[in-house]
Each structure stands twice: as C-alpha cells, then as structure tokens.
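In case you want the letters, here they are:
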Amino acid sequence: MLALAPAGKALAVELADGKLSLNGFGQWAYGNSSNKNVYEAATPGGDFGSGSFALALHAQMLDRGTIAAQGRLNRDDGTANLDWAFAEWRFSDAIHFRVGIVQHPFGISGDVRDVGTLRPFFLLPSGVYGTSGITGEAVDGGAISGAILDEASWSLRYDAYFGSLHLPSTDPYDKLETGFRPGGTLVPVEDELDYVAGGRLIAATPVAGLSFRLSGYATLRDTRAAVMGLSVQYATDQLDLRAEYFLKSERGQETGALAYEHAGYVEGSLYLTSQVQAGLRAELYRAHLLGYGGPRPLLDHRELAATLNYWFAPGFVLKLSGHLIDGNRFAHPVAVDDAILAGTLERRTLAVIFGTQFSF
Amino acid sequence: MKIIPFLLVLLAAVALADEGGFKVVVNSRCEQASISREDLSRLFLKKAARWACGDWMQAVDQADDSDLRIRFTDEVHHKSLHAVKAYWLHQIFSGQDVPPPVKSTDEEVLAFVRGHAAGIGYVSKGTPTPGVRVVDVRP
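The listed protein sequences derive, respectively, from chains R and G.
Following this note's numbering, the numbering of the first sequence begins with 113 at its first residue and continues without gaps.
Following this note's numbering, the numbering of the second sequence begins with 173 at its first residue and continues without gaps.
Keep in mind that the hints are not guaranteed to be accurate.
Derived list of chain G stretches under chain R, where covered just means 3 residues or more per stretch with a C-beta under 8 Å from a C-beta of chain R [stated by the list, open to error]:
| hint | region |
| --- | --- |
| 1 | 216-227 |
| 2 | 250-264 |
| 3 | 272-286 |
Note that these hints are calculated values from the structure, not bench results.
In this text the structure is predicted, and so the values were computed from the model without any measurement.
Backbone N, C-alpha and C define an ideal beta-carbon position, used for all residues, glycine too.
Modelling step: build the complete structure from the supplied sequences, incorporating the hints.
Here it is, written out as structure tokens:
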C-alpha cells in the first residue's frame, strides 16, 4: 500500500497505486555581495540563513477528479505559505478545469518558480520572475488548460485563468514621485491585482526540444496593469537555451503615474560531463516612468551571471554562481533612501551565491 | 553452405538482442492488437488519457533504475531517463499531474493491468503474461 522510494531511486511517496502522492523540494544558500547592496540571497558580509522547504500533495479522487496543494516554509522570514490548493476536473484531454488557488501559468518558469532543480541557475532572472511584479505567485480563481493540437510533429497547449493575481513586488515608482525620506526602504510586498484575465500558449515544434510560449494577462476592471511576452526554449539532454522578453504597463497605486517595464534575458547551459553543468546568462530590465526625469538607478537592472553546478542526481544539485549587476532595481542597500540621500548608493554589485537545491 | 553458420549467428544475435526487450500489455478486456509508439508515449507521459481501450487509461511504470525502464524510455519516448524525470518534476510542481505508479517487478505490473480495466504497462519480453493481452507497438 505504501511505497517510499529509496534515495536516488524513484520519486515521491505513493499510496494506493499512485492515487495519492507526496512530493517536495527545498533549497539552502550562502550569499555574499559587494557595495552594501543586498541581492536576493546575497548580503554584504555574507548570509547563511537563506532556505526553504515545500511539500506538494496530489490526491486523485476519481479518474477525472484531482485535489492538490503545496505548502512552503521559508527560513528567511519565518513565514509559512500556501503556494496553491485547488480541485481539478478533467472533462477531456482538451479541457481541464481548476478552481481554487492555482499556479500562475506564465513563461517558462512561472508555475515552477520555486523549484530549483528545474533550472540551471540558483536564482531565476530577477526582471521576469523576481520582485518586478511581472510573474505572479498564484491566481485565486479558476483556470482551464489542455491540448488544442497533439500531433507527432507539432503540439499546442493552452492555459487560461481568471481571478486575483498575487505579485511579489517592490514598487519604486511612488518613491520616485513622492521623494526619498530618511529610513525609507524597498521592501518586497505581495501586490494583489483583482479581476485579472490571462493565458499562455505553448507550441512544441517538430524540432525536438524547441518550444515557444506566448504569455500575458491584464486587469479587466481598470487599466492598472497589462503584461505580454514571448519565451523560446531549446532543451536537450546536454543543452538548455532559454530566452524570454516581457513588456509590462502599470499605473502607480498612489500617484496614478504610468510606467512601462521591459524585462528579458538570454541564458544557456551545457553539461560538460554527466554531472557537471555550466551556464551563462545576460539579463536586462529597464523601467520608464512617464514624466520622470530624475536619477535612474532604481529603474535599471543589467546583469551578467555564470553558474557551475554539480548534479548528484536529477533531484539534488550544488550550484555556485557569480552575478555582476549594474543598477539598483533589485540590488540595493536595505536603507536605500538613506544611501540615495547621502549620495553613497553604488550602482555596481558583485554577488556570489553557493547553495543546494533538491526535489523528490 | 557457408551461409548457414552466418544465419545461425545472425539469429542468435537477434535472439540475444530481443532478450532485453519489452512487451506492452493491456487488460484482457481491451481488444486492440496494436498501439502506435506516439500514442504509447502520450499515455505514459499523461499527455493524453484517451485511447481505444478507455477514456481514462491508467499506465503503470517500471522501477526507475531498471534496464527495462531505460530501454522503454529510449525506444518509446525517444528521451533519456534524466529528461523524463525532469519532465515529471515540472509536471508535479506545476500541479499538472503526477507520474504513473511504479511497480518494481513484472508480476506487480501484470497484477496492476489485470486489476484495472484501462490498465496498460510493459514487462520483459520473456515474462509469461497470463490474463492480459499483449499489444504490438507500431513505429
């Protein structure tokens, strides 16, 4: 009845012929950064305290009906999150209906943004998946997905969703409009966009491993935010090439000022041996706040990154990455207003992150 | 006359090559005699659930580290086991689906297929398969 697979052998815990399964993932990292700028897990002087662990439960109640949920513990801030929890009914291969808290189907990594074993770098690109407020954590509402076309050569799958979108973000716009104040910070908050409709199309081509994704969403009740973008991925056993670009338009909550954000990256990784993987990434993020002509450090992020990974197994990896960053949109001191007012804010940041990511 | 030993060697080589092969089995209620490689791959990757023997086919897989699983993955999915594992990790944590249940012996696979009207699995070519139907895999 109960099968717990030995390490390195199989996935998960299975019950009742796979009708109930338990999977998990986690990560830990040490990060160090320069110039008093904090960048994700990297802090000036170094930080050993970044880590998280999540468990996902899938219960297949009937042939057509599934209930699934994922919970996560974060060591960084001591919080516990319910990432998603939904019920799904499969009308056919073409229509799967979900209701509840569902993942945000967006780009290549939007619905698996916290699972480190599904990507080459410890961190996802900040502009697309970080606190830019482009990719959501989850959608509270409903979604349908399925296969439109499933031929030997081409396949076309879709996701469509409606509800409230939760976006982790730091918002520099209101700060730029209203001015900096002593002690002011850029703290990530969860922004909630209501009445959002969006979708994603995934086209797999006759070239094995080559796929395209078109993703986007918009608020329906007002014109507060809209996002659209294209993703390209070519993945083989040895090589993984990814490129994504997104454009977001947003109106500031307090000031109503209109802003445009461009976020994109190109990334390539290659297995040098069966266990050693190396990767490079170039990323560009640029925001434009209409009518604003002041200093730009909080509106820019340019990054070159390299990673060297050692995979013990597909579900267990050690990663060492270096990040050379220009701009303070995502890399800045905790007391960023003080640094700007004192004229000590450094645009450049060098960050090093060493960590492990695992899943089962 | 020299051709006879050559043919014998060839037949022996073919027999040895087949020894490590697999055969696909379905529940005895299913009347299909064959399945295309592509349909078989879709069913085991859960990209499709519907096939001629049921709207909700239930695939059962072999243990991760078995030679049979590696061979099936290579010949049917045209992928490495590593790539298929990565595919399932993505499916699991995006909430899409979970992999088929895994059985560690041919006997357990056969018992699953016998016990599920829409069951489909694969076992070693030399394993006796009473109570289930063997279907050919079309290229």
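Structure-based check of all given hints:
{"no.": "1", "hint": "216-227", "verdict": "holds (count 5)"}
{"no.": "2", "hint": "250-264", "verdict": "holds (count 11)"}
{"no.": "3", "hint": "272-286", "verdict": "holds (count 4)"}
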